[in-house]
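I would like the entire structure built from these sequences, with the hints used as guidance.
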Amino acid sequence: MTSTLSALATAVATEGGHGGGQAVAEATGVFDLTWLLIAFPLLGAAILLLGGRRTDKVGHLIGCGASIASFVMGVVLFAAMLGEPSDGRAFTSQLWEYVNAGGYTVDVSLLLDQLSISFVLLITGVGSLIHVYSIGYMEHDERRRRFFGYLNLFVAAMLLLVLAADYLVLFIGWEGVGLASYLLIGFWQHKNSAAVAAKKAFVVNRVGDMGMVLAMSSMVLVFGSTAFDVVFASAEGASTGWVTAIGLFLLLGACGKSAQFPLQSWLLDAMEGPTPVSALIHAATMVTAGVYLIVRSAAIYDLAPDARTAVVIVGAITLLMGAIIGCAKDDIKKALAGSTMSQIGYMTLAAGLGPAGYAFAIFHLLTHGFFKANMFLGAGSVMHGMHDEVNMRRYGGLRIAMPVTFITFAMGYLAIIGIPPFAGYFSKDKIIEAAFADNWITGLATLLGAGITAFYMTRLMLMTFFGNRRWKQSEPPHESPSVMTAPLWALAFLSVVGGFALLYFGAGIVDWLAPVTGEEHHELPMPLWLLITITLATVVAGVAVAWLMYGRRAVREDVPAGSPLTVAARNDLYGDAFNEAVFMRPGQYLTRSLVYFENRGVDGAVVGTATAFGGLSSRLRRLQTGFVRSYAVTMLGGVGVVVLAMLVVRLP
Amino acid sequence: MNAPTIEYAELAPLITIFGAAVIGVLIEAFVPRKVRHPVQVAVALLALVAALVQVILLAGTGMVAAVGAVAVDGPALFLQGTILVLAIISVAFFAERRLEAGGDAFAPAASTLPGSEEERILVRERMLQTEVYPLALFAVGGMLLFPAANDLLMLFIALEVMSLPLYLLCGMARRRRLLSQEAALKYFLLGAFSSAIFLFGMAFVYGYAGTLRFGEISEALTANIGQDGILLAGVGLMAVGLLFKVGAVPFHSWTPDVYQGAPTPVTGFMAACTKLAAFGAMVRLFYVAFGGMRTDWQPMLWAVAIATMLVGAVVALTQTDIKRMLAYSSIAHAGFVLTAMVAADQTATAAILFYLATYGIATLGAFAVVTLVRDSGGEATHLAKWAGLGRRSPVLAATFALFLLAFAGIPLTSGFVGKLSVFTAAIDGGAAPLVVVGVIASAIAAFFYVRVIVLMFFSDPAPEGPTVAVPSLWTAVGITLGAAATLLLGIVPGPLLDLAQQASLFVR
Chain A
1 MTSTLSALAT AVATEGGHGG GQAVAEATGV FDLTWLLIAF PLLGAAILLL GGRRTDKVGH
61 LIGCGASIAS FVMGVVLFAA MLGEPSDGRA FTSQLWEYVN AGGYTVDVSL LLDQLSISFV
121 LLITGVGSLI HVYSIGYMEH DERRRRFFGY LNLFVAAMLL LVLAADYLVL FIGWEGVGLA
181 SYLLIGFWQH KNSAAVAAKK AFVVNRVGDM GMVLAMSSMV LVFGSTAFDV VFASAEGAST
241 GWVTAIGLFL LLGACGKSAQ FPLQSWLLDA MEGPTPVSAL IHAATMVTAG VYLIVRSAAI
301 YDLAPDARTA VVIVGAITLL MGAIIGCAKD DIKKALAGST MSQIGYMTLA AGLGPAGYAF
361 AIFHLLTHGF FKANMFLGAG SVMHGMHDEV NMRRYGGLRI AMPVTFITFA MGYLAIIGIP
421 PFAGYFSKDK IIEAAFADNW ITGLATLLGA GITAFYMTRL MLMTFFGNRR WKQSEPPHES
481 PSVMTAPLWA LAFLSVVGGF ALLYFGAGIV DWLAPVTGEE HHELPMPLWL LITITLATVV
541 AGVAVAWLMY GRRAVREDVP AGSPLTVAAR NDLYGDAFNE AVFMRPGQYL TRSLVYFENR
601 GVDGAVVGTA TAFGGLSSRL RRLQTGFVRS YAVTMLGGVG VVVLAMLVVR LP
Chain B
1 MNAPTIEYAE LAPLITIFGA AVIGVLIEAF VPRKVRHPVQ VAVALLALVA ALVQVILLAG
61 TGMVAAVGAV AVDGPALFLQ GTILVLAIIS VAFFAERRLE AGGDAFAPAA STLPGSEEER
121 ILVRERMLQT EVYPLALFAV GGMLLFPAAN DLLMLFIALE VMSLPLYLLC GMARRRRLLS
181 QEAALKYFLL GAFSSAIFLF GMAFVYGYAG TLRFGEISEA LTANIGQDGI LLAGVGLMAV
241 GLLFKVGAVP FHSWTPDVYQ GAPTPVTGFM AACTKLAAFG AMVRLFYVAF GGMRTDWQPM
301 LWAVAIATML VGAVVALTQT DIKRMLAYSS IAHAGFVLTA MVAADQTATA AILFYLATYG
361 IATLGAFAVV TLVRDSGGEA THLAKWAGLG RRSPVLAATF ALFLLAFAGI PLTSGFVGKL
421 SVFTAAIDGG AAPLVVVGVI ASAIAAFFYV RVIVLMFFSD PAPEGPTVAV PSLWTAVGIT
481 LGAAATLLLG IVPGPLLDLA QQASLFVR
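Listed in order, the protein sequences are those of chains A and B. Per the working numbering, the first sequence starts with residue 1, numbered consecutively. Per the working numbering, the second sequence starts with residue 1, numbered consecutively.
Read the hints as simulated data drawn from the structure, not as lab findings. Backbone N, C-alpha and C define an ideal beta-carbon position, used for all residues, glycine too. Hints may contain errors.
If you only want the chain B side, here are some residues facing chain A, beta carbon under 10 Å, derived [what the hints assert, rightly or not]:
hint, residue
1, F30
2, H252
3, Q298
4, V436
Residues from chain A shown here face chain B by an in silico Cβ test under 7 Å; the list is partial [unchecked claim]:
hint, residue
5, T105
6, E175
7, M210
8, V642
Right under this line is the structure:
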C-alpha cells in the first residue's frame with residue numbers, strides 16, 4: 001500500500017496533474033464550451049426570477065428546457081471525451097481572473113474530467129427528470145414559476161461546484177447550492193415548520209462552511225493557492241500535520257453538506273420542502289457534494305492516513321445512525337431521509353478507504369442518485385394521491401390504487417436493499433468488499449447496515465403498499481398523471497440496469513475514474529462467494545424480520561410505545577438535544593453574559609417602551625445619571641490595557 | 001527666510017472641498033431662504049464631483065506636498081476617491097425630501113427645544129436646515145486630509161476638522177430629537193476625551209523623536225535608543241485615539257448609541273466614510289512612522305482585533321434595533337480590518353483598501369434602506385417591525401438581504417472577496433490564529449444577518465407593520481448603485497483589486 005501511495009504521489013508531483021496524476025490539457029474545440037453547462041440553467045434562473053409574472057405561463061417549460069439543454073450539452077461532452085485516450089480526458093478552460101490579491105490569485109476556471117462529467121450527467125439527467133416531474137407535482141402551486149427558477153439556480157450552482165478547478169470557486173458553488181437548498185426547503189414559507197427547517201439547515205451548514213473556509217485558509221498558508229493543480233502537486237511537500245489538518249477541515253465541510261455525523265440533524269427537517277426538492281437536492285445530488293469533495297481531494301487524503309481514518313469513522317457512524325433512524329420513522333419522507341444519511345455514510349466510508357474505495361464511493365453515489373430519486377418521487381406520487389398525507393400508518397394497500405407508483409417504487413426498493421441484479425447490489429456489494437478488505441470492523445459495520453437497510457425499507461414498503469387499507473378518504477387515491485409517472489419509469493429503469501451497466505459497460509466505471517482517483521486492490525480475508533452469500537443472507541434476514549413485524553401482523557394506526565432504541569430513533573437519536581447541549585446552550589450563555597456587560601439592559605428600557613416619548617425620557621434620564629461616564633471609564637480602562645500591552649512586550 | 005512652497009495642483013481636491021464649504025457658509029448668509037436648499041445641494045454635489053475628478057487626475061502621483069505635511073500617494077488618493085464617491089451618495093441621501101412630506105431627515109432648526117411651539121411652527125412652515133451641507137463638506141474635507149496627513153500636527157488637525165461637524169450633524173435628527181441630541185453630546189464628550197488621549201500620545205512621540213514628520217519619526221526609531229518607555233506609551237495612546245474613531249473594542253461603547261441616535265443618512269455617512277478615513281490614517285501612521293517597531297505594537301493589535309471581532313459579532317446577536325445591530329456589525333468589521341492591519345505589509349494595505357471600499361458601499365446602502373422602512377413615528381427600526389417585509393416589498397427586502405449577505409461575507413458578494421483578501425493578507429503576515437478567530441466570528445455574525453433575512457422573508461408580517469416609502473430618484477439611484485456595486489465587485493472584483501494593489505505603496 002505504501003509503495004502505491006508514494007508512486008501515486010510521485011506521479012502527482014512530477015506531472016503536475018491532479019488526483020491520480022492525469023495530465024490536464026487546455027480545453028479546445030467542444031471542450032471549450034464547458035461553460036455552457038452552467039450558463040443554460042443560470043440563464044433559465046435569471047429569466048424566471050427576474051422575468052416576474054410575465055413568465056408565469058411558460059415558466060415550467062423554460063425551467064425544464066434549460067435543464068435539458070444542459071443535459072444534452074453534458075452528453076455531447078461525454079461523447080467527445082470517449083473519443084480521447086483514457087489518460088487524456090481532463091480539460092481546463094479559464095473564464096476570467098477572479099481574485100488577485102498579493103501573491104494569491106484565483107481564476108474562475110472549469111475542470112472537465114472523468115469525475116466531473118459523471119456528476120454533470122447525474123445532476124442534469126436526474127435533474128431534468130425531476131424538473132419534468134415537478135410540472136405535475138407543483139401544478140396547483142401559484143408560485144410554480146419561482147419554484148422552477150430556484151431549481152434552475154440549484155442546478156447551475158451544483159454544476160459550478162463539480163466543475164470548479166479551484167477550491168474557492170468550488171466554495172462559491174457550495175454556497176450557491178446551500179442558498180438554493182434553503183430557498184427550496186422554506187419554499188412553503190406559510191408553514192412555520194418549513195421556515196424553521198430552512199433556518200436550521202442554514203445554521204448547521206455554517207458550521208460545515210467554517211471547515212471549508214479553514215481548509216482554504218490553510219491551503220493559502222501552506223501552498224499559497226487554492227487551485228486544484230497547485231494544491232495537489234505540492235501536497236507531498238507539505239508537512240503531514242498540515243495535510244491532515246486540511247483533510248479534517250475538508251471533512252468538517254463535507255459533514256455539513258452531506259449530513260454526516262455530527263452535523264446530520266438538518267437533513268430530516270429539510271423534508272419540509274416540496275418532494276421533488278427532497279429527491280433532487282436532499283437525496284440525489286447536493287447532499288453527495290461532501291463525497292465529491294473528499295474524492296476530489298484524493299491527493300490530500302492519500303497523504304493523510306489519519307484524516308482518512310476519521311472519514312471512515314464518520315461514515316460508519318452515520319451509516320448506522322441513519323439506518324436506525326430510518327427504522328423508527330412513520331413519516332415516509334423522513335424514513336427515506338434517514339436512509340439517505342445512511343447511504344451517504346456508505347459513500348463516505350468508501351471514500352475514506354482511499355484509492356481502494358474512491359471509485360466505489362462514486363459508483364454508489366450514482367446508483368443511489370437513481371434509486372433514491374426514484375423512491376422520493378414515488379413517495380411524492382403517493383402523497384399527491386393521498387392529499388399530502390405523509391404518515392405511513394395511514395397508508396396501506398396502495399399497490400392496487402397506484403400500480404405504476406408501486407411497481408416503480410419496488411424497483412427502487414429492490415435496488416437499495418441490494419438484491420441482484422438491481423443497481424444497488426453491485427455498488428453496495430463493492431463497498432462491503434472494500435470495507436472487509438480494509439479491516440473487520442468497518443466490514444461488519446457495512447454488513448450490519450445492509451441488514452438494517454433491508455429491514456427499514458421492507459417496513460416502508462409493507463406499510464405503504466401492502467396490508468390493510470388504513471386511509472380514511474372516501475374515494476380511493478388516484479394514480480398520478482403521466483407527466484409524473486414517466487420520470488418514475490425512467491428512474492425505475494435506471495434502478496434496474498444502472499448498476500450493471502455502470503460496472504460493466506465499456507471498461508466500467510472503475511477504470512473510467514482510475515485516472516482521477518487512482519486504483520488499488522486489496523485482498524479479501526475470505527473468498528468472494530462467501531462474502532456475497534453472507535451479505536445476501538443478512539439482507540434476507542432483514543427482510544424477514546420486517547415481514548414478521550409488519551407483513552404478518554396488521555400495522556397499528558396509533559404509535560406503539562416501542563423500546564428505548566425505537567424512542568431514541570424517533571427522536572433522531574437525540575441529534576437535536578446534542579446540538580443544543582453542545583452548541584446552543586453555551587452560545588446563549590455567552591451571549592447573554594456578554595450582552596449583560598455590554599448593555600446593562602439599555603435596550604430593554606428603550607425598545608420595550610411603546611411610545612416614543614417614554615423611550616426618549618428614559619434615555620434622557622440615563623444621560624443625566626452619567627452614562628457617558630461609564631463609557632469613559634471603560635475607555636480609560638482600555639487605555640491602561642493598551643499602554644500596558646505595549647510596555648509588557650518589551651519586557652525581557 | 002523663504003516662504004514655503006505649496007503644491008496647489010496636488011492639493012486641489014482638498015482646496016476644492018474646503019473652498020466649497022466656506023462658500024456654503026456664505027450661501028447661508030446671503031442667499032434667500034427659499035432657494036437655499038437647492039443651491040446648497042448643488043454646490044455640495046458640484047464640489048464633491050469636481051474633487052473626485054481632481055483625485056482621478058492625480059492618480060499615480062507619489063509625493064509629499066505642503067512642506068512634508070500632506071502625502072499625495074496611492075493609499076491617500078484611493079481612499080480620497082472612495083470617500084468622495086460615498087460622500088456624493090450620502091449628500092444625495094441627505095437631500096431626500098419625499099420621505100418626510102417635504103422635510104428631510106434633519107430638524108428644521110437644531111437650536112429649538114424639542115417639543116416646543118417654535119419647533120412646531122417651523123415644521124409646519126416646512127423650514128429646512130441647510131447648514132448640514134457645509135458641515136458635511138467640512139467633515140469630508142477632514143476625512144480627505146486624515147488619511148493623507150504625513151505629520152502629527154496635520155493628523156490632529158484633520159481629526160478635529162473631521163470630527164467637529166460630525167458631532168453637530170449627529171444631533172440634528174428630525175424625529176426622536178432627544179435621542180439624537182444625547183447621541184451628539186455623548187459622541188462629543190467621548191470624542192473630546194479620545195482626542196485628548198491622542199494629543200497626549202503625540203506629545204510623547206514628539207518628545208521621543210523630536211520631530212513631527214512621519215518619515216523622520218521612522219528614522220528616529222533606529223537612532224534614539226534608550227528612551228523606549230516614552231515612545232511606547234506615546235504609540236499606545238495615539239493608537240487609542242485612532243481605535244476610538246474606527247470603533248474598536250474596548251473603545252467602541254459610543255458606536256451603538258451614536259449610530260442609533262444620529263439621523264440615519266448621517267449614520268450611514270459616518271459609518272462608511274469616518275471608518276475609511278480613520279483606518280487610512282491609522283495604517284499610514286503605523287506603517288510609515290511606526291513600521292520599524294511593529295513587533296512592539298503587533299501584540300497589542302492582536303488583542304484588540306480579537307476582542308473587537310468577538311464582542312462585535314456576539315453582542316450583535318441579541319440586538320433588537322436594526323441600527324444598533326448594524327452598529328455592532330460595523331464594530332465586528334473593524335475587527336476584520338484589524339486582522340490585516342496586523343500583517344503590516346503592502347499586501348495588507350491593498351487588502352484593507354479593498355475591504356474599506358466594499359464595506360463602505362454596502363454600509364451606505366444598508367442604512368439608506370433603513371430610512372425607507374417607516375411607520376407613523378418615523379423610521380421603524382425595531383426588528384420586530386421588519387417581519388414579513390419580504391412579502392410586502394420583495395425588491396427592497398431583497399436589496400437589504402444582499403447588503404446583509406455582503407456583510408456576512410457570502411460568496412458572489414463584495415464582502416466575500418473583501419474578507420478573503422484581508423484574511424489572506426493576515427495569513428501571509430503570520431497572523432493565522434487571528435484568521436481562525438475571524439472565521440469563527442464571521443460564522444457567528446452570519447447568524448444575525450440571516451436572522452434578519454429569515455425574519456423578512458419567512459415570518460408573518462406584523463399586523464400594524466411599517467410601510468415602505470417610495471423615495472425620490474436620488475435615493476433610489478443611490479441604493480441601486482450600492483447594490484449593483486456590491487454584486488459586481490463580488491463577481492468581478494479583479495479591476496478594483498488591481499487598483500488597490502497599485503495604490504498600496506506609501507510615499508515616505
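Now for the hints, and whether the structure bears them out:
1. Because the beta carbon of F30(B) sits about 37 Å from the nearest beta carbon in chain A, more than 10 Å, this interface hint is broken.
2. This hint holds: H252(B) has a C-beta 9 Å from the nearest C-beta of chain A, less than the 10 Å allowed.
3. Contact between Q298(B) and chain A, as hinted, is supported at the beta carbon level, the nearest pair being about 8 Å apart and thus within 10 Å.
4. Taking 10 Å as the C-beta cut-off, the interface hint given for V436(B) holds, the closest approach to chain A being about 7 Å.
5. Evaluation of the T105(A) hint against chain B yields a violated restraint, the C-beta minimum of about 10 Å exceeding 7 Å.
6. Against a cut-off of 7 Å between C-beta atoms, the interface hint on E175(A) holds, since the closest Cβ of chain B lies about 5 Å away.
7. Hint status for M210(A) relative to chain B: holds, with the closest Cβ pair at about 5 Å, below 7 Å.
8. Look at V642(A): its Cβ gets to within about 5 Å of chain B, closer than 7 Å, so that hint holds up.
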